[in-house]
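So you can see what is in the structure, the chains are spelled out below.
2 protein chains.
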Amino acid sequence: MTQRLSSWVTSANSADTEFPLNNLPYGVFTGAGRTAHCGVAIGDQVLDVTAAEAADLLQLGQRNVFAGGSWNAFMALDEWSQFRSYLIDALSEGSPAQTQLQAHLVSQSDLQMLMPFTVTEFTDFYAGRHHATNVGTMFRGAENALPPNWLHIPIGYNGRASSVVVSGTNITRPFGQLKGPDDEFPRFAPSARFDLELEMGAIVGKPSSDRISVDQADDNIFGYVLLNDWSARDIQAWEYQPLGPFQAKATATTISPWIVTKEALEPFRVNTPAREFTLLEHLKDTGPMLYDIQLSVVHTAPDGTETTITNTNYKNMYYSAAQQLAHHTSSGCPMRVGDLLGSGTISGELKESRGSMLELSWGGKEPLTLSNGQSRSFLEDGDQITLVGAAIQTDYRIGFGVCTGKIVPSNTTT
Amino acid sequence: MTQRLSSWVTSANSADTEFPLNNLPYGVFTGAGRTAHCGVAIGDQVLDVTAAEAADLLQLGQRNVFAGGSWNAFMALDEWSQFRSYLIDALSEGSPAQTQLQAHLVSQSDLQMLMPFTVTEFTDFYAGRHHATNVGTMFRGAENALPPNWLHIPIGYNGRASSVVVSGTNITRPFGQLKGPDDEFPRFAPSARFDLELEMGAIVGKPSSDRISVDQADDNIFGYVLLNDWSARDIQAWEYQPLGPFQAKATATTISPWIVTKEALEPFRVNTPAREFTLLEHLKDTGPMLYDIQLSVVHTAPDGTETTITNTNYKNMYYSAAQQLAHHTSSGCPMRVGDLLGSGTISGELKESRGSMLELSWGGKEPLTLSNGQSRSFLEDGDQITLVGAAIQTDYRIGFGVCTGKIVPSNTTT
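Going down the list, the sequences are from chains A and B.
Under the working numbering, the first residue of the first sequence carries the number 1, and numbering increases by one thereafter.
Under the working numbering, the first residue of the second sequence carries the number 1, and numbering increases by one thereafter.
Just so you know, the hints here were simulated from the structure itself, not pulled from any lab data.
Keep in mind that this is a model prediction, so the values were computed, not measured.
Don't take each hint at face value.
Which copy is meant is left open, so a pair is good if it fits within one copy or across any two.
What the hints assert, rightly or not - Mimicking DMTMM-like on lysine to aspartate or glutamate, the simulated pairs with C-alpha atoms at most 25 Å apart in a straight line are:
#1 K365 with D16
#2 K284 with D16
#3 K284 with D183
#4 K206 with E349
#5 K179 with E276
#6 K179 with D285
#7 K315 with E276
#8 K179 with E281
#9 K179 with E366
#10 K406 with D89
#11 K179 with E352
#12 K365 with D183
Next comes chain A alone, as it looks inside the complex (with noise of 0.2 Å):
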C-alpha cells in the first residue's frame, strides 16, 4: 500500500493531509454535540464510531466496543486487522456505504481531542544512541559516553501513568527539590531547568503473562503516538542517583491525539542501525524493526514567534519498540492492554537534530537562538513546544496530529 487510496471524503485525497485513506488514525472527541466519542480521523474530518456503533454500521464481533470512549476495548479485540479493512473499504471511493456513514462525519475543526486511550502504566526507555552519547558525555565525559549495559540492553525506566495527558494540555512548571553543584543544602523551588523531550510512544495492544520473542512483542503492538517526556534536569540531578528519575519526570508527558496503527505505518519500516555487539538471541532483530518517520520539534515563544528548534527522524533509534516489549517481559513482568512505551529521545547526529533542550544548549552552555533573537537554554513560561511527525510516500502522507503544550507558572499558592 505505497500508493494513495481515493476516498469519497475528497479532503483526505489532497497531497497535504496528515488523514489520508492510508492513515485512519484513532482517537476521542468531544463536540458536535458528542462527548468522549471515539473517532477515526480521514481528511479534515472525524468518522463517528461511538454513533455509528450505536447505529449498527459497524462489522465488530462485539457490541458496545466504542461506548467507553477510549480505544482500550477495540484493543482488546482480535479484530485490529478486520475492522482496518472495513473502515478503507467503506471509506474508499466509491463505496456502498458512504450514504449512511456520510452522517456520522464530523468537521475536526469543531472538536476538541481527549486522551485516545487509558494508558494502563508507562514505561520511558533511553533507546536512542546519540542522545544517550550526549547526555552521557555531558555527565560523565566522552570516554565513558555510554553506560557499558547500553549496547545489550535496552535501559529503561517505569514512568508515572497518571501523568500521561493528551496534546493541548497545558503544562504546570513543577516545583521540586533543587540543589546546585555549588549550594549547602538543597530548596524546595520552581525547576529552572525544564525541559522537553522528542520521543514516540508504543502502545501495547495485546496483554502478555510471561516473557515474549521479539516477533510477538512486535504482534502486541497496537499502534504509535508521538510523545513529549517533560522533564526538569535539575530535580532529576539531585535525585536521580542510585534509583533513577522519578518526580524529575513525573510532571507531565503529552501524546498526540490520534493513534497511528501499525498496519499504516507497514510501508515505511527500515531496518535498524548496525550492532556494534551482536544481540543476545532474545532482543534479535528480526527484521526492518524501525519507521522512517520524520519529527520535528517548533518551539513557539509567548510573542508567538516560531522557531522549529530541531528535525530528525525514528529511525534513529538503536532499539525498536518490539526490542523493548520483549525485553520488559524478559522477567516475566505481565504486560496489559493500554501499556504505554516511550521509546526515549530520538536524537540524530547532528546538533540540529537533537530532540531535547538540554543536547541543544549543552546542558544551558550554548544557549539556543530563537527566530526573533531570544535565547533558550531551558523552556520557560509562556513557551509552547510542539512535535510533528510525518511519515512519507511519494503521493501520500502519514501524520499524528500535532503533539503540543504550554508551560505555565509553578503554582505557588499550594
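Following the hints, position chain B against chain A.
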C-alpha cells in the same frame, strides 16, 4: 482504643487472634460458594460485606460499593470512619445487628484470599536507613554508603503494578541479562541471586491532582499491607545504571491479603528517628508518623524446615509513608485511588534484623545457616518466604495475615 474490644464473634476475643474487633482489616475472598466477595476479618471468621450489602444491612451512602470484588470503590467514598464505626458497633458484644449479620459470616479456613484491591500504580521507596547503609556499604564502601540526597529526600522509583500479586501466589524465578564482573559479555539466564525484601505497603485511598502537604498525605492513606518486593540482584547489578532498577523488580511483588486500616493502627503511632539534617518544610514531620509494628521473615526450606531469618520493626524507617506520598506529589504528579507505595526494605540495626538476603548474607560472603543445617546466600527453587507482622498492645494484637510466596523454577520453554 488501647483496650481489647469485645465482640459477639467469640474467636475475636481470644488473646492471640490477629483479628480482634480492634483490627477489622479488609480483604477479598473466594470460597464457601462466593466468588470475589469483599470481606472483613473478625476472629477466625470473615464478614461477607458484599452479601451484607446486597441484603441491605450496611449503612453506606451508595449502593453496589462491594459488588466489584475489590476495595477500590469503597476507598473512593468519603465514609472510611463511618463504616468502621458501624462495623465496630455491629460486631460488638450485645449488638442488635448480630442476628442479621451472623448469616453473613464465613469461616476463614474455607476461603482463598484474592487481591484486596486493584493496584493502580506501584511505587517503591528506599527509605530504611539501615538498609540503604548496608547496601551502599557493599556497593560503594562505608565512606560513601548513603547517597548525598538520601537524608533530604525519600528516594523512590516507579515499580510495576501489573506484577503485584496476593500472598500464596507462586513466584517463578526470573530470567534476565546477567554479567558477572569477569564475564566478557552478558548472557540470558535464570537469576542466581534472587532475593526477598521485607517492606510495608501504604495504599493511597484519595486522589490528588497537585502537590499536597504531609498532613494531607497522611489523610489520603487508607491502610497498610505487608509487602515482599522480590528482587533479582544479579539482573539489577547489570541493568540499573543509569536509570534505576527495572526488570530486577518486575517479576512479582507479594502483598498480604488483608488491608489494615490506618485507624486500626492509630494506637501504635511512634516518632520518626532524630534527623541529621532538618527536612525541608514540605517534608517535615508533623507528629508521630511511623507505627510500632513487629515484623519477621520466616524461610521454609523445600524439606519443610522453618527458620526465622529476621526480626525487625516498621519504626526503623527514616521516612513515613505520608512523607513519601507528599514527596511523590511534589512535582505535581497526580495520585489515584489504589496507588501502592512500598516503604523500602525495613532493616534494623542488628545483623539479625536485616530485611533481605543480600544484607543477611552480606552479598553472599556470609551465607546464612538454616535450622536444617543447609546454607543460603540467596533463594533456591522450592524455598518459601513468609512475612509476618503484628502491632501489639497489652491485651490484643493487630495482624495482616501472612504474606507468603514459594519460588518455583524458571520457565525454560517460553
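For each hint, the structure was consulted:
no., hint, result
1, K365 with D16, "neither (39 Å within a copy, 66 Å between copies)"
2, K284 with D16, "neither (37 Å within a copy, 57 Å between copies)"
3, K284 with D183, "between (46 Å within a copy, 20 Å between copies)"
4, K206 with E349, "neither (34 Å within a copy, 46 Å between copies)"
5, K179 with E276, "between (38 Å within a copy, 18 Å between copies)"
6, K179 with D285, "between (42 Å within a copy, 21 Å between copies)"
7, K315 with E276, "within (17 Å within a copy, 50 Å between copies)"
8, K179 with E281, "between (43 Å within a copy, 15 Å between copies)"
9, K179 with E366, "within (22 Å within a copy, 38 Å between copies)"
10, K406 with D89, "neither (39 Å within a copy, 53 Å between copies)"
11, K179 with E352, "neither (30 Å within a copy, 37 Å between copies)"
12, K365 with D183, "within (20 Å within a copy, 39 Å between copies)"
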